[in-house]
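Enquirer: Sequence:
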Amino acid sequence: MTTVLVVDDEPQIVRALRINLSARGYDVLTAHSGAEALRLAADGKPDVVVLDLGLPDVDGTEVIAGLRGWTSVPIIVLSARTDSADKVEALDAGADDYVTKPFGMDELLARLRAAVRRSAVTPEDEPIVETASFTVDLAAKKVLRDGTEVHLTPTEWGLLEMLARNRGKLVAQKQLLQEVWGPSYAKETHYLRVYLAQLRRKLEPDPAHPRHLLTEPGMGYRFEP
Numbered sequence: 012m013t014t015v016l017v018v019d020d021e022p023q024i025v026r027a028l029r030i031n032l033s034a035r036g037y038d039v040l041t042a043h044s045g046a047e048a049l050r051l052a053a054d055g056k057p058d059v060v061v062l063d064l065g066l067p068d069v070d071g072t073e074v075i076a077g078l079r080g081w082t083s084v085p086i087i088v089l090s091a092r093t094d095s096a097d098k099v100e101a102l103d104a105g106a107d108d109y110v111t112k113p114f115g116m117d118e119l120l121a122r123l124r125a126a127v128r129r130s131a132v133t134p135e136d137e138p139i140v141e142t143a144s145f146t147v148d149l150a151a152k153k154v155l156r157d158g159t160e161v162h163l164t165p166t167e168w169g170l171l172e173m174l175a176r177n178r179g180k181l182v183a184q185k186q187l188l189q190e191v192w193g194p195s196y197a198k199e200t201h202y203l204r205v206y207l208a209q210l211r212r213k214l215e216p217d218p219a220h221p222r223h224l225l226t227e228p229g230m231g232y233r234f235e236p
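Using this note's numbering, the first residue of the sequence shown is number 12, and each one after it goes up by one.
These aren't lab readings, by the way, just hints derived from the structure by calculation. Mixed in with the good hints there might be a few duds.
What the hints assert, rightly or not - Straight-line distance between alpha carbons at most 30 angstroms, and here's what the computed DSSO-like set of lysine-lysine pairs gives: (1) K153 <-> K198; (2) K180 <-> K198; (3) K213 <-> K180; (4) K112 <-> K56; (5) K56 <-> K153; (6) K213 <-> K198.
Starting from the given sequences, assemble the full structure and let the hints guide the process.
Expert: Here it is, written out as structure tokens:
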């Protein structure tokens, strides 16, 4: 059964979607805030997310960014915002489709079916990456060590996130530089040495002999939980 997470703070829309989706054989989860949506996405592993941008606690684009930190689940934005800039922002954040309110139920269902066909959540999609030394929460964009949050700069987080999302895999130097700093930094390998050293000092029990943030000389880096 396909599971759909509906995120909207308008009860009548949530009710209409729950009735229509359930009648067509979907399993429906509902959330009324961004924080609740991220928690349900982590716990319920939905196959597709239908998301309103105007939530009471955070903007929907922040929810998209939180999800995209750890999962490729299809996200269909359902919003009253008609400005093209809002659509571009949501799509750039990682949304797969955009439906404007008021909407036709048949159109939404067609787009939902198409989104599920195009993409599926992979088994490796997990928001929490635990090591023996620290825990990375990809959805909340936080790192905990001994139960205490570790302060990381945006660049340090970008580097750690990229490695954690590809845990166990070799990530090339060029790929890391382009993803974290941008295409024009593809040859600035000294950046990686500096920032990996900073991350190791903050996260590794013995920074001189790292267990989790490993260097593959001349090739790249590997995150080993």
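Enquirer: Failing hints, ascending?
Expert: Hint check: nothing fails, all pass.
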